[in-house]
Amino acid sequence: MTSQEAPGPRDIAVVAFAQTDHRRSTEDSSEVEMLMPVLHEVLARTGLKTSDIGFTCSGSSDYLAGRAFSFTLALDGVGAWPPISESHVETDGAWALYEAWTKLLTGEADTALVYSYGKCSPGSVRDVLTRQLDPYYLAPLWPDAVALAALQAQALIDAGHTDEPALAAVGARSRADARTNPHAQLRGPAPQGDYVVRPLRAGDCPPVGDGAAAVVLAAGDRARRLCARPAWIRGIDHRIEAHGLGVRDLTDSPSARLAAENAGAFERPVDTAELHAPFSSQEVVLRRALRLDDSVCVNPSGGALAANPIMAAGLIRIGEAAARIHRGASDRALAHATSGPCLQQNLVAVLEGDPR
Amino acid sequence: MSKEPVAVTGVGQTKHVAARRDVSIAGLVREAALRALEDAEATWADIDAVVIGKAPDFFEGVMMPELYLADALGAVGKPMLRVHTAGSVGGSTALVAANLVAARVHSTVLTLAFEKQSESNAMWGLSLPIPFQQPLLAGAGGFFAPHVRAYMRRSGAPDTIGALVAHKDRRNALKNPYAHLHEHDITLEKVLASPMLWDPIRYSETCPSSDGACAMVLTDRAGAARAPRPPAWLLGGAMRSEPTLFAGKDFVSPQAGKDCAADVYRQAGIADPRRDIHAVEMYVPFSWYEPMWLENLGFAAEGEGWKLTESGVTGLDGDLPVNMSGGVLSTNPIGASGMIRFAEAALQVRGQAGEHQVDGARRVLGHAYGGGSQFFSMWLVGAEPPDS
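Protein sequence lines correspond, in order, to chains A and B. For the first sequence, counting from 1, position 62 maps to 62 in UniProt numbering; every step adds exactly one. For the second sequence, counting from 1, position 223 maps to 223 in UniProt numbering; every step adds exactly one.
One should not assume that every hint holds.
Listed next, the in silico DMTMM-like pairs over lysine to aspartate or glutamate satisfying Cα-Cα at most 20 Å (straight line) [unchecked claim]:
{"hint": "1", "chain 1": "A", "residue 1": "49", "chain 2": "A", "residue 2": "28"}
{"hint": "2", "chain 1": "B", "residue 1": "175", "chain 2": "B", "residue 2": "355"}
{"hint": "3", "chain 1": "B", "residue 1": "175", "chain 2": "B", "residue 2": "317"}
{"hint": "4", "chain 1": "B", "residue 1": "307", "chain 2": "B", "residue 2": "319"}
{"hint": "5", "chain 1": "B", "residue 1": "249", "chain 2": "A", "residue 2": "11"}
{"hint": "6", "chain 1": "B", "residue 1": "3", "chain 2": "A", "residue 2": "11"}
So, partial list: chain A residues that the calculated Cβ filter (under 10 Å) puts toward chain B [claimed, not checked]:
{"hint": "7", "residue": "75"}
{"hint": "8", "residue": "252"}
{"hint": "9", "residue": "340"}
Where chain A lies over chain B, by a calculated footprint (3+ residues, C-beta under 8 Å) [said to hold, decoys possible]:
{"hint": "10", "region": "34-45"}
{"hint": "11", "region": "96-107"}
{"hint": "12", "region": "214-220"}
{"hint": "13", "region": "235-241"}
{"hint": "14", "region": "366-375"}
Keep in mind that the hints were calculated from the coordinates and are not lab data. Don't be surprised by glycine CBs; every beta carbon is placed ideally from N, CA and C.
Input sequences plus hints: build the corresponding full structure.
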């Protein structure tokens with residue numbers, strides 16, 4: 001099944017990436033209808049068919065869909081017949097990619113299809129995310145995602161790590177960069193607006209929207225045959241922190257730093273970083289934790305401040321970083337994904353292209 | 001690069017009951033985790049990563065509860081991965097954890113699955129609002145009953161086979177201190193006299209709704225060498241999925257189940273499962289699924305599975321014991337049910353199954369399924385390491 005390779009861990013790469021045009025609402029289509037064009041596009045880029053794929057893994061959340069087992073319907077879009085080797089994580093698709101990477105490492109598969117999707121439009125995502133909190137002590141208080149991010153932003157300001165104009169500049173830069181990203185939801189300047197929850201203004205918050213993304217992974221020579229310049233995953237790791245915000249230092253992200261260290265991010269400088277920072281203040285936290293200075297091109301796609309389809313936005317960071325390597329715009333990139341309130345859980349991948 | 005052999009060195013579960021009102025969700029999962037660590041004589045510091053699974057988040061009303069459970073499971077500063085593949089999730093979660101060891105990403109992984117069904121109502125959690133589902137299709141039983149009827153018609157099995165399975169499994173549960181239902185006065189007559197819920201499935205042929213958690217410590221060769229008790233070795237593991245509905249789907253014996261079993265047997269070098277596998281712990285939420293899965297997994301020819309049940313082959317003292325623990329029919333914390341099957345298989349080959357131990361169980365299959373008979377996960381564990 002697998003080709004002859006040198007001893008040691010296998011080289012695994014992102015060989016293709018596709019995403020939807022992220023929109024405020026997709027009430028005209030179901031999740032399957034939103035996902036299918038993306039699956040077709042990512043497979044078309046590699047010339048693979050569903051039946052050629054060794055392993056399939058997806059990420060999504062029932063709480064966005066508002067029904068149990070929502071991912072089972074998405075499987076219709078994959079066309080799982082004849083039956084496929086398949087799994088699903090109830091998290092951002094970046095963690096589905098991690099599971100698929102593990103599967104390829106074992107040698108049980110040479111290729112993997114990873115996808116994720118989220119429709120935020122049917123409900124109030126601010127309220128929905130409160131259901132993610134400690135069900136006994138925190139969730140009954142309904143602290144919403146913006147309020148919790150605002151606590152974090154205020155802690156950063158109090159610690160002297162940023163101020164409101166600097167936060168505004170993060171949002172403005174993200175949307176300016178998104179002008180060249182045809183998939184972004186907010187492209188070009190957007191007003192900083194009023195406070196949503198002090199100190200965060202509208203411009204510091206992500207747009208609410210729907211979207212899907214997919215990548216294809218391949219190992220070794222298979223990757224070289226499927227992609228002119230594969231984005232090799234040199235390292236990938238994820239770490240979680242305590243859930244209680246009161247026991248965390250919200251101005252720091254030790255889990256992101258540890259994941260980056262384990263992924264080898266600090267061994268050599270990266271030229272690009274795609275950070276999953278839904279709030280401008282979280283980019284400040286991550287830049288510090290991941291030691292990214294001004295020489296690094298951060299979120300050239302516009303990042304989550306330009307499009308934030310929950311459950312897909314993290315996978316999109318990996319896809320965007322890989323796509324830049326594919327087209328020769330980057331040689332070594334860091335991609336980051338987050339889950340949970342105030343960056344509780346973080347994943348870091350380091351991607352590299354072959355020398356040009 | 002060859003895979004690292006994977007060993008199960010610790011198994012822990014809670015005493016499964018209808019409602020664990022004395023503990024929080026965190027308290028429930030921690031209880032199972034601590035028991036698995038105790039069995040492996042390991043500490044939290046020995047655990048490199050945590051892989052957790054459960055069925056739909058609506059069952060407890062907590063979105064992505066693994067975030068809140070990070071502290072209770074000693075995962076802070078470690079990787080924590082959440083798996084969800086419907087009813088098969090307990091099995092899939094164990095396989096994802098096993099791959100982390102097999103791929104040499106980690107040496108020792110804690111894997112855990114749970115459901116605290118008393119926090120909500122699973123039957124209605126699974127029932128979609130009209131118009132997305134027929135008004136009378138309430139709960140899983142409403143979905144599976146017609147497929148059981150189809151099996152009966154195809155195979156010509158006598159009407160009483162389902163009751164035989166239920167009676168056997170509930171009797172087996174009496175030997176398992178962790179089983180939810182302990183019906184000391186159960187008789188075949190009582191099963192047959194129980195009310196019809198979803199024709200042909202009677203009340204006593206249906207799984208209960210349970211609160212419970214199950215955990216396992218999975219480790220590499222070096223970890224197994226340090227284990228205080230005999231480990232169970234992973235000889236083969238696989239997952240397969242197919243769509244819920246499509247023209248030509250065989251609900252009685254789904255192709256994904258056949259393919260999944262074939263993959264496991266290929267990995268483990270099993271030529272004849274009936275001869276080479278000594279016991280099976282399979283996911284039987286409704287009694288009739290025992291003969292149906294016996295056929296789907298290759299232990300009997302098509303239409304012949306019920307004969308194994310009828311002749312007592314699947315009894316605890318039979319030639320191919322099935323659901324020694326009492327099975328899903330006696331214990332069903334949905335998200336954990338698949339892992340309990342996998343854990344029971346491990347306990348059997350380790351010789352740690354207590355009163356429901358099968359003598360000479362050297363290779364045992366653990367099986368889980370979910371969704372509309374569309375998600376399958378299985379593992380075969382043995383008393384000897386692979387390729388030895």
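Do the hints match the structure? See the list:
A C-alpha spacing of about 27 Å is found between residue 49 of chain A and residue 28 of chain A, which places the hinted pair above 20 Å, so the restraint is violated. For a cut-off of 20 Å, the pair hint linking residue 175 of chain B to residue 355 of chain B stands: about 5 Å separates their Cα positions. The suggested pairing of residue 175 of chain B with residue 317 of chain B holds, with an alpha-carbon distance near 13 Å, which does not exceed 20 Å. At roughly 13 Å between alpha-carbon atoms, residue 307 of chain B and residue 319 of chain B fall within 20 Å of each other, so this suggested pair holds.
Distance hint between residue 249 of chain B and residue 11 of chain A is unfulfilled; the C-alpha atoms sit about 38 Å from each other, more than 20 Å. Between the alpha carbons of residue 3 of chain B and residue 11 of chain A the distance comes to roughly 15 Å, so the proposed pair stays at or under 20 Å and holds. Taken as an interface hint, residue 75 of chain A checks out: its beta carbon lies about 6 Å from the nearest beta carbon of chain B, inside 10 Å. Hint status for residue 252 of chain A relative to chain B: violated, with the closest Cβ pair at about 13 Å, above 10 Å.
Using the Cβ-Cβ criterion of 10 Å, the hint placing residue 340 of chain A at the interface with chain B is satisfied: the shortest such distance is roughly 4 Å. Judged by the Cβ-Cβ criterion of 8 Å, the region 34-45 of chain B is not covered by chain A as claimed, because only 0 of its residues qualify and three are needed. Evaluation of the coverage hint for the region 96-107 of chain B: fulfilled, as 7 residues show C-beta separations to chain A shorter than 8 Å, against a requirement of three. Coverage of a stretch by a chain is defined here by at least three residues with a beta carbon nearer than 8 Å to that chain's beta carbons; for the region 214-220 of chain B and chain A the count is 0, and the condition is violated.
Look at the region 235-241 of chain B against chain A: 4 of its residues bring a Cβ nearer than 8 Å to a Cβ of that chain, three or more, so the hint holds. With 4 residues carrying a beta carbon less than 8 Å from a beta carbon of chain A, the region 366-375 of chain B meets the three-residue requirement, and the given coverage holds.
The structure is inconsistent with the numbered hints 1, 5, 8, 10 and 12, although it conforms to all the rest.
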